[in-house]
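Residue numbers (the working numbering), protein chains in the order written: chain A, 1 to 360; chain B, 1 to 360.
If you are wondering where the hints come from, they were derived from the structure by calculation, not from laboratory data.
For clarity, every value in this text was computed on a predicted model and none was experimentally measured.
Treat the hints with caution; some may be incorrect.
[Unchecked claim] If you want the ones that stay clear, here's a sample from chain B, every Cβ over 10 Å from chain A, calculated:
| id | residue |
| --- | --- |
| 1 | 62 |
| 2 | 80 |
| 3 | 285 |
| 4 | 303 |
[As the list claims (entries may be wrong)] Straight line, CA to CA, 20 Å or less: simulated PhoX-like cross-link-like pairs of lysine-lysine:
| id | chain 1 | residue 1 | chain 2 | residue 2 |
| --- | --- | --- | --- | --- |
| 5 | A | 221 | A | 280 |
| 6 | A | 280 | B | 249 |
| 7 | A | 128 | A | 280 |
| 8 | B | 249 | B | 221 |
| 9 | B | 280 | B | 63 |
| 10 | A | 249 | B | 280 |
| 11 | B | 166 | B | 249 |
| 12 | A | 280 | B | 280 |
| 13 | A | 249 | B | 249 |
| 14 | A | 63 | A | 50 |
| 15 | A | 221 | A | 209 |
| 16 | B | 280 | B | 167 |
Note that beta-carbon positions come from the ideal geometry of N, C-alpha and C, so glycine has one too.
Number of protein chains: 2
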Amino acid sequence: MAEKKGLKSRRVILTEYVEGYPREEHMELLPAAAVLDRPAAESSPSVLVKNLYLSCDPYMRPKMSRPIPGQSSYTSAFVPGSVLTGYGVAQVLRSSLPGLAPGDLVWGITGWEDYSVVQPPFTGLLTKIDPELAQDDKLPLSYYTGILGMPGLTAYVGFHQICSPKKGETVFVSAASGAVGQLVGQFARLMGCYVVGSAGSKEKVELLKTKFGFHEAFNYKEEDADLSGALRRFFPEGVDIYFENVGGKMLEAALVNMKTHGRIAVCGLISQYNLAGGEKEGVSNFACVVSKRLRIQGFIEPDHKHLYPEYAAWVVPHIREGRVVYLEDVADGLEMAPEALIGLFHGRNVGKQVVRLTDE
Amino acid sequence: MAEKKGLKSRRVILTEYVEGYPREEHMELLPAAAVLDRPAAESSPSVLVKNLYLSCDPYMRPKMSRPIPGQSSYTSAFVPGSVLTGYGVAQVLRSSLPGLAPGDLVWGITGWEDYSVVQPPFTGLLTKIDPELAQDDKLPLSYYTGILGMPGLTAYVGFHQICSPKKGETVFVSAASGAVGQLVGQFARLMGCYVVGSAGSKEKVELLKTKFGFHEAFNYKEEDADLSGALRRFFPEGVDIYFENVGGKMLEAALVNMKTHGRIAVCGLISQYNLAGGEKEGVSNFACVVSKRLRIQGFIEPDHKHLYPEYAAWVVPHIREGRVVYLEDVADGLEMAPEALIGLFHGRNVGKQVVRLTDE
Numbered sequence: 001m002a003e004k005k006g007l008k009s010r011r012v013i014l015t016e017y018v019e020g021y022p023r024e025e026h027m028e029l030l031p032a033a034a035v036l037d038r039p040a041a042e043s044s045p046s047v048l049v050k051n052l053y054l055s056c057d058p059y060m061r062p063k064m065s066r067p068i069p070g071q072s073s074y075t076s077a078f079v080p081g082s083v084l085t086g087y088g089v090a091q092v093l094r095s096s097l098p099g100l101a102p103g104d105l106v107w108g109i110t111g112w113e114d115y116s117v118v119q120p121p122f123t124g125l126l127t128k129i130d131p132e133l134a135q136d137d138k139l140p141l142s143y144y145t146g147i148l149g150m151p152g153l154t155a156y157v158g159f160h161q162i163c164s165p166k167k168g169e170t171v172f173v174s175a176a177s178g179a180v181g182q183l184v185g186q187f188a189r190l191m192g193c194y195v196v197g198s199a200g201s202k203e204k205v206e207l208l209k210t211k212f213g214f215h216e217a218f219n220y221k222e223e224d225a226d227l228s229g230a231l232r233r234f235f236p237e238g239v240d241i242y243f244e245n246v247g248g249k250m251l252e253a254a255l256v257n258m259k260t261h262g263r264i265a266v267c268g269l270i271s272q273y274n275l276a277g278g279e280k281e282g283v284s285n286f287a288c289v290v291s292k293r294l295r296i297q298g299f300i301e302p303d304h305k306h307l308y309p310e311y312a313a314w315v316v317p318h319i320r321e322g323r324v325v326y327l328e329d330v331a332d333g334l335e336m337a338p339e340a341l342i343g344l345f346h347g348r349n350v351g352k353q354v355v356r357l358t359d360e
Numbered sequence: 001m002a003e004k005k006g007l008k009s010r011r012v013i014l015t016e017y018v019e020g021y022p023r024e025e026h027m028e029l030l031p032a033a034a035v036l037d038r039p040a041a042e043s044s045p046s047v048l049v050k051n052l053y054l055s056c057d058p059y060m061r062p063k064m065s066r067p068i069p070g071q072s073s074y075t076s077a078f079v080p081g082s083v084l085t086g087y088g089v090a091q092v093l094r095s096s097l098p099g100l101a102p103g104d105l106v107w108g109i110t111g112w113e114d115y116s117v118v119q120p121p122f123t124g125l126l127t128k129i130d131p132e133l134a135q136d137d138k139l140p141l142s143y144y145t146g147i148l149g150m151p152g153l154t155a156y157v158g159f160h161q162i163c164s165p166k167k168g169e170t171v172f173v174s175a176a177s178g179a180v181g182q183l184v185g186q187f188a189r190l191m192g193c194y195v196v197g198s199a200g201s202k203e204k205v206e207l208l209k210t211k212f213g214f215h216e217a218f219n220y221k222e223e224d225a226d227l228s229g230a231l232r233r234f235f236p237e238g239v240d241i242y243f244e245n246v247g248g249k250m251l252e253a254a255l256v257n258m259k260t261h262g263r264i265a266v267c268g269l270i271s272q273y274n275l276a277g278g279e280k281e282g283v284s285n286f287a288c289v290v291s292k293r294l295r296i297q298g299f300i301e302p303d304h305k306h307l308y309p310e311y312a313a314w315v316v317p318h319i320r321e322g323r324v325v326y327l328e329d330v331a332d333g334l335e336m337a338p339e340a341l342i343g344l345f346h347g348r349n350v351g352k353q354v355v356r357l358t359d360e
């Protein structure tokens with residue numbers, strides 16, 4: 001647990017800005033620089049951690065593109081030649097940050113590397129994992145990249161706050177077997193809503209119905225010719241709430257099928273992330289927004305961080321008692337991280353995509 | 001004032017469903033049927049009125065299109081062969097509705113004809129005009145098709161409620177010299193916001209700056225090559241509130257220029273109403289909704305009808321004391337109504353388009 005001088009680390013860097021789908025050559029696994037051996041700077045607190053789990057999340061794709069001047073994003077772009085960063089679970093080896101000591105387990109933003117030095121502003125996002133919870137067999141550490149981390153709070157805030165759901169309402173979730181979608185479906189069902197999910201394979205559709213308790217589910221690839229018709233089959237009376245993870249054609253189909261006063265929580269638009277500017281699918285039936293008085297609300301988890309304790313207190317009993325389940329797709333080893341991230345944009349993962357860096 | 005038997009009336013009918021821009025041949029002025037001479041049915045209350053002013057409103061265009069099954073609208077389509085309907089100001093000649101008596105002045109939904117029999121459900125929308133206000137030189141009767149009617153309440157609800165404005169925020173209004181836009185700009189200025197409007201001619205741009213108190217204004221036709229750049233010039237720090245009346249390319253440009261946590265009230269999409277399904281301009285930069293956590297809210301005035309008394313009490317002193325002005329473009333005679341409505345979709349009107357049916 002004590003800090004070792006001369007730690008051997010490896011890291012995954014971005015080799016160049018990505019256009020279209022990310023490919024293996026856009027990332028490279030390299031030996032890490034000697035930065036880890038440097039003593040912590042006195043001027044700003046830092047935390048040296050050993051990374052245990054890394055999270056592959058859709059929002060990482062826009063960060064791989066060349067930034068467009070004037071089009072600010074809520075996260076800054078990755079820099080070619082530099083290490084990728086993302087959510088992860090890690091163990092503290094050295095800390096000059098009050099409240100964190102060697103041995104502590106944390107989740108937050110870390111590097112895609114064996115060891116990371118977490119510095120401001122990311123030190124402020126490190127959340128200490130309750131040692132008691134960390135011992136709970138039903139709450140594996142990897143869950144802090146998912147149901148107990150950013151995707152979990154995203155699903156909770158997005159559904160319970162942004163969607164203003166009421167018992168008995170109809171809910172549609174796209175990318176429904178993903179890190180966030182599988183939770184939104186279960187949260188909606190817990191609230192007494194009727195919930196239908198879309199996913200990209202027969203296997204995922206089965207999971208939605210058998211494991212995650214969606215009332216119905218469909219494979220969007222099989223319904224590609226008439227997504228709107230598919231939604232009309234499952235929602236003959238219309239959709240009260242659309243939890244939007246994909247964008248493009250699915251958003252168009254959803255708009256047509258929304259009920260009056262429907263709500264659309266826009267969490268992500270994964271179908272559009274790998275398209276060049278000119279290829280992005282336009283939403284042409286925006287008139288529905290007026291005729292149906294729809295509310296469309298974009299949101300991101302960091303704005304709602306203060307709700308994490310409330311969320312954790314709510315969800316942990318649900319997990320322990322089996323009312324909410326979570327499915328992960330775990331890749332083993334830092335060397336597998338690029339492939340795992342790439343696979344996310346082709347829908348190869350079944351459940352939340354995690355990379356495990358430890359044998360624990 | 002008393003009902004005359006054998007009233008001679010004329011009416012404007014829709015001849016056929018409209019595709020593209022409406023043209024003269026889509027409407028026809030015909031002698032009215034003898035329906036006006038029938039005694040009021042006992043079963044449901046009705047009101048015989050003499051129409052004084054008719055309102056030309058953008059929402060009438062979607063009602064002229066062939067209805068698309070499954071794509072419900074909040075108003076039903078016009079029927080070829082039947083009279084057009086819309087907002088108007090009228091005088092009661094005969095009434096079986098409690099609270100309305102011959103001689104009373106009302107505003108609400110009426111027919112595009114000299115005399116109309118208003119029946120349920122539209123009797124419920126008839127609002128009696130306070131006789132004292134009707135005598136006020138500063139509050140002409142035609143204003144009940146505009147600032148004191150549906151467009152006024154639309155601007156009030158849309159800006160004050162849907163946009164959640166705060167003093168000092170930046171506001172962009174499209175179709176800013178129109179019936180609603182000219183009011184939103186003035187309401188925003190009254191609240192202490194910085195407000196910029198777009199319109200389609202040099203004359204309108206001048207009006208926005210000199211008559212309606214917009215801080216800045218621009219001609220969107222002159223900025224067509226780079227609407228986004230135009231917005232960036234006027235809003236170097238970004239737009240807090242976009243009051244959306246036009247849609248299409250302007251919406252795309254606005255999305256790029258919105259500030260984080262910006263709000264877009266979607267009141268109408270006049271740029272899209274005359275385009276066929278396949279021609280509608282898609283919004284391809286929807287990703288801004290997530291990255292900037294935007295709220296986009298469609299709304300229509302009828303949902304907020306209960307706020308009319310509050311609005312009227314607020315706006316009447318502003319009009320009387322000259323803090324809010326209103327500009328109308330008045331066409332004379334029912335025979336001019338089709339041309340006036342057609343002109344609206346080409347931006348020929350300067351100010352709110354009204355048709356006067358009386359010499360009063």
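A quick look at each hint next to the structure:
1. 62: 7 Å, violated
2. 80: 21 Å, holds
3. 285: Given that some Cβ of chain A is not farther than 10 Å from that of residue 285 (chain B), nearest at about 7 Å, it is violated.
4. 303: 6 Å, violated
5. A:221 <-> A:280: 18 Å, holds
6. A:280 <-> B:249: The given pair, whose Cα atoms are some 15 Å apart, holds under the 20 Å limit.
7. A:128 <-> A:280: 40 Å, violated
8. B:249 <-> B:221: With a Cα-Cα distance of about 12 Å, the restraint between residue 249 (chain B) and residue 221 (chain B) holds, given a limit of 20 Å.
9. B:280 <-> B:63: Holds, at roughly 17 Å.
10. A:249 <-> B:280: Given pair residue 249 (chain A), residue 280 (chain B) holds - Cα atoms ~15 Å apart, limit 20 Å.
11. B:166 <-> B:249: Distance of about 27 Å is beyond 20 Å: violated.
12. A:280 <-> B:280: It holds: about 15 Å lies between the C-alpha atoms, which stays within 20 Å.
13. A:249 <-> B:249: 19 Å, holds
14. A:63 <-> A:50: 24 Å, violated
15. A:221 <-> A:209: Measuring from Cα to Cα gives roughly 17 Å; hence the hint holds.
16. B:280 <-> B:167: Judged against 20 Å, a Cα distance of about 35 Å means the pair is violated.
Going through the hint list in order, the structure does not satisfy hints 1, 3, 4, 7, 11, 14 and 16.
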